[in-house]
Amino acid sequence: MKSKRSGWKLLTILVLSYAVIIAVSVALGWDKFIVLDPKGPVAEVQQKLIILTGLICMAVVIPVIVLMVYIVWRYRDTPDNDAPYQPNWHDSKLLETIWWGIPIVIIIVLGIFTARDTYKLAKPPVTDANPITIQVTSLDWKWLFQYPGQKIATVNYVQIPAGVPIRFQLTSDAPMNSFWIPQLGGQEYSMPGMAMQLWLQADKPGKYFGSGANFSGRDFAHMQFVVESKPQAEFNEWVKQVKASSPELTKEGYTQLAKPSTAKQEFFSSYPDDLYTEIVDKNGGIYMKHEMDSMNSGSYNGSTKP
Amino acid sequence: MWENIKDFASTFFVTGDPLIYGADVSIALTSIAIVFVLTYFKKWTWLWREWITTVDHKRIGIMYLIASLLMLFRGGVDALLMRTQLALPNMKFLQADHYNAVFTTHGTIMILFMAMPMMFALFNLVVPLQLGARDVAYPFLNSLSFWLFLMGAMLFNLSFVIGGSPDAGWLSYPPLSELSHSPGVGENFYIWGIQISGIGSLATGINFLVTILKMRAPGMKMMKMPLFSWSVLSSSIIIIFAFPILTVTLALLFLDRFLGAHFFTMDLGGNPMMYVNLIWMWGHPEVYIVVLPAFGIFSEVVATFSKKKIFGYNSMVFSMMLISIVSFFTWAHHFFTMGASANVNVFFAISTMVIGIPTGVKIFNWLFTMFRGRITITQPMLWTLGFIPCFAVGGATGVMLAVAPADYQYHNSYFLIAHFHQVLIGGVVFGYLAGIYYWWPKVFGFKLNDRLGKWAFWLWNIGFYVCFMPQYALGFMGMTRRLYTYGSDTGWDLGWAPLNLISTVGAFLMGLGFIFQVWQISYSIRKGERDLTGDPWGGRTLEWSIPSPAPMYNFAVEPQVTTDDAWWKVKEDRAKGIKPAPVKYEPIHMPKNSAIPFVMSVCWFIAGFGFVFDWMWMAIPGLIGVAICLLARSFSYDTDYYIPVDEIERTEAALRGRTV
Amino acid sequence: MAHATAEHSHAHEAHESHESLKVLGFWIFIVTDILIFGTLFACYAVLHTHTNGGPGAKELFEMPGVIAETFILLTSSFTSGLAVLAMHKGKVKQLIAWLAVTAVLGAAFIGMELTEFVKLVEEGHKISSNAFLSAFYTLVGTHGLHVSIGLVWMIGLMIQLSRRGVTEVTTRKVTNLSLYWHFLDVIWIFVFTVVYLMGVM
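Protein chains in written order, with UniProt numbering: chain A, 1 to 306; chain B, 1 to 660; chain C, 1 to 201.
Be a bit skeptical, because a hint or two may be false.
Derived pair list, reagent style DSBU-like, types lysine-lysine, alpha-carbon separation capped at 30 Å [to be verified]:
| no. | chain 1 | residue 1 | chain 2 | residue 2 |
| --- | --- | --- | --- | --- |
| 1 | B | Lys58 | C | Lys22 |
| 2 | C | Lys89 | B | Lys214 |
| 3 | B | Lys307 | A | Lys93 |
| 4 | B | Lys92 | A | Lys93 |
| 5 | A | Lys9 | B | Lys447 |
| 6 | A | Lys9 | B | Lys309 |
| 7 | B | Lys224 | B | Lys571 |
| 8 | B | Lys214 | C | Lys58 |
| 9 | A | Lys282 | C | Lys58 |
| 10 | C | Lys22 | B | Lys221 |
| 11 | C | Lys22 | B | Lys224 |
| 12 | B | Lys92 | A | Lys264 |
| 13 | C | Lys22 | B | Lys592 |
| 14 | A | Lys9 | B | Lys454 |
| 15 | B | Lys571 | A | Lys93 |
| 16 | A | Lys282 | C | Lys126 |
| 17 | B | Lys307 | A | Lys9 |
Hints are computed from structural coordinates only; laboratory data are not their basis.
Please put together the full structure from these sequences, using the hints given.
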């Protein structure tokens, strides 16, 4: 009797805990799961992969749990249990082949999908539009965005044209962080002395949540930023406006900005030309040239030069 | 003068936080209480003779167990502090610095100062008995390992009240952990605490590898060895290959901080990414170091309480050895998003998934051990049954994380946090608890109370799901790990707050479960069911063939093994009426107690403390003390003795007489 | 009487197996030490070009001294082998003498290495100058530290041998020490090749 209860109790807990989550999720609204609500091609590939692999895993785990509960109930040690008892049965080539085989097949399937999408995402999203580049620097504890094509810079706010692939170049002038805009695509580390690339794209205009994902010290929790995607014309307008109405970012200004502090959104009409290269090089970029070239020629999300 | 002292004290002692003053007071009171009790009951010599200088693996195991439970408490309190701070948006319970210190110490303590010693406790308490051996291969080294671990742990914990805790995460990634960004002594405590205890861990790995290879009872071929011992073997092999990397990595970080070297700095050519690679080359195998012995425990427990031979013994052995090898080729999955090439990511993604194959096989083998058995749900079995669904889900999310392109979305998020807690709590903690409940009567001679234990189990289990299932969802909501707070915008607009609150409730349920266990132990010490048979569960392996607790020499006569499940065979023979061969005692060779391990570890502690504060006047004498201890050991030749036959006869008569 | 003999032979057997157990443990320790050096070599390989514009291996290393060091250490490895041979013949004095020669050679090696380091530091090439030098000093210094510890061990062992002669216990100790010494020699060959030879080439 006792054993029967325990098995069922376990199952009940599992089912209940998932039910609670689903209930809470429904109450909150499904759109709160921003990772599963992609707004760009990269995030979309990843969302499909997440759902696919999640389903495959559930297809394995649920039967295992049900099987466990059944076995515990069926072979419980009670005097009136008439189930077969074979205390010395400990070997079956057939059974073992089956359960070495099942996971191997599953891993092969998952491996194929993994490889397919890893290589797919190593290329920029396919569109007719010309990509633009945004250079991202993680600082203590804020994000600096430089637009080499537009010659403007922003802090903790990044605006992008909708439907255009964006080549984010990531570096850090502080302990490493990770640049993440869940609705546009997965994250990538921003590392001192390296300029890594992350291709992202927003399909439609909208406002998205972005944050630093890798702990970098005291005020790491405040390294969140806003990503706004606008139609190309409005984006151009915004650039013009920033150029007209914002102060310049000087070298001194950058030194001030790089000091440990939190920051609100800021806008700059220009910045020193070699600022980004300087940041990368002084933190070890001079040694990385070779490695970065090879990295950029094959890396995920990232990597082909335009 | 007075000003100087005040100045020194205000940086030396951690000040300004009521929690820390509370800790100061409680540490002081506990120390006074311990000193008082020991003095009042005249127990100092007892403590010194029976415990501090002991080289008996059973006593060392008990000391590991006590230490690990204390560390579980400390790490658990850290967890509850964090969950309290995150229960609602904009909580002011902990400051950023304090929160960062708490999550750092929580991780470090739980892995290195809770899981590792609890694992070593089980190694020590069980392996020699299971092998039919009288001790481990190197009893002196074993004692040294324990004291090094304890001194390292003490050094690390001291940072809470003296100097300041480390706050750069449990793996202390540079450049955050470099002098440039962490100028305090916290990181030094981290380095030396782990380094000192790490030497002990490495020695334990060597010790148990040799013990298992060379000290088995006559006739116990490798493939007749109990599966727990196999799991210890595979875990020890990983320790031997992984821990040296940790030693070097921490030493290099220390050189950066201490001598201004540039291994991992941002300037002058340092390479922080190299640290990330090195630390995970140790860190990933480390996970398998702690989880493999749990697999071994489940194998023992499932067979015993299904009254059936373990299913697929050969597969079980093969899969553990496979895991221990493949575990060295997966480290880069901890940083798929660090810009490695697609080829590298695909390689590490698939190698990581491959680990899932032998692990899945083990789960099926446990299930089919129960199949056509007769299952009794005792406390160890309950934890095992709690483990299977928990670990299956945790393993599945692990496979999901291994899918590199998807990992770009999970990485550093609460999805990851939920995953590794599910495998570490569901796998390691549940496993070790199952082991502790299982072998407790063997170690202490009484069972732990059933009713209180069931309360503890259900609180832990329900608490676990309530705490961590919402965290998977939080990951999908974009919540990243290590945030000390979140605003009402992310809390309500992004929907983080309600799930965080639920998660906090779950954490406190687990805390309550722990309290029940403390209650259970203290209740059972007084009123627990005594084990007079030496075999309270109907065990199958040799440790159940001797009285509980085992006498100092374990086996009066070396057991002769002919088959696996050696003790089960003896019982079967007895049932058939086959008489055992008459016993003839011979003098037993035993190692003598030694104070050197303790003294040497204290010297390491002194040296470590000196290095933490850059006080060479303290560090150098400490190191000289270590050298003197080593030489003293080398020059001592009178290290063992024989227990005469008549003493064995007397002990056995007393022990066996009790059982009749 | 018969009882006592049996007990003695039993004890003898247990002792012997215990000593061989310690040799096995020492071999495993050597494996862990190989990993320590392996990791340090890997770090050196990553960082050896990171000179921050300062002089590199080619400019800094003076080969004649290093080659002399290498010969000294190789010779000491040979003499430690002779010590083991003497031990197997049961000649304590010869054994101690060969160990003494080995120790002197080891000390000479350490002396030369220290001189090299001091000279470099005086010229301003410190461990804190750049990542290349950090990796260089740490790798070579760790080897030097091992040799130094070996020297202390060797002296302690010579004292024990002079007091106790060749016994099962001292035999095991000399075996382990010579194993350690040969191991350090092999590591040095790698240091010499990877750091110095490949550095100046």
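Results of checking the hints against the structure:
Our distance criterion of 30 Å between C-alpha atoms is met by Lys58(B) and Lys22(C), whose separation comes to about 21 Å. Distance restraint check for Lys89(C) and Lys214(B): the Cα-Cα separation of roughly 29 Å lies within the 30 Å cut-off, and the hinted pair is therefore satisfied. As the CA atoms of Lys307(B) and Lys93(A) are separated by approximately 22 Å, the hinted pair is consistent with the 30 Å bound. Straight-line distance between C-alpha atoms of Lys92(B) and Lys93(A) comes to about 60 Å, which puts the hinted pair past the 30 Å bound.
Restraint check: the Cα-Cα separation between Lys9(A) and Lys447(B) comes to about 24 Å, which is no more than 30 Å; the hinted pair holds. For the hint pairing Lys9(A) with Lys309(B), the CA-to-CA distance comes to about 27 Å; that is within 30 Å, so the pair holds. Between Lys224(B) and Lys571(B), the direct Cα distance comes to roughly 17 Å. Compliance with the 30 Å bound is thereby established for this hinted pair. Using a Cα cut-off of 30 Å, the hinted pair Lys214(B) and Lys58(C) is violated, with the two alpha carbons roughly 50 Å apart.
As the CA atoms of Lys282(A) and Lys58(C) are separated by approximately 24 Å, the hinted pair is consistent with the 30 Å bound. Distance restraint check for Lys22(C) and Lys221(B): the Cα-Cα separation of roughly 21 Å lies within the 30 Å cut-off, and the hinted pair is therefore satisfied. This hinted pair checks out: Lys22(C) and Lys224(B) have alpha carbons roughly 25 Å apart, not beyond 30 Å. A threshold of 30 Å between alpha carbons decides the hint, and for Lys92(B) with Lys264(A) the separation of about 21 Å falls inside it, so the pair holds.
Distance restraint check for Lys22(C) and Lys592(B): the Cα-Cα separation of roughly 17 Å lies within the 30 Å cut-off, and the hinted pair is therefore satisfied. Of the pairs offered as hints, the one joining Lys9(A) and Lys454(B) holds, with about 12 Å between alpha carbons and a cut-off of 30 Å not exceeded. For the hint linking Lys571(B) to Lys93(A), the alpha-carbon distance of about 29 Å falls within 30 Å, and the restraint holds. For the suggested pair Lys282(A) and Lys126(C), the alpha carbons sit about 21 Å apart, so the restraint of at most 30 Å is met.
Between the alpha carbons of Lys307(B) and Lys9(A) the distance comes to roughly 23 Å, so the proposed pair stays at or under 30 Å and holds.
In summary, the numbered hints that this structure violates are 4, 8.
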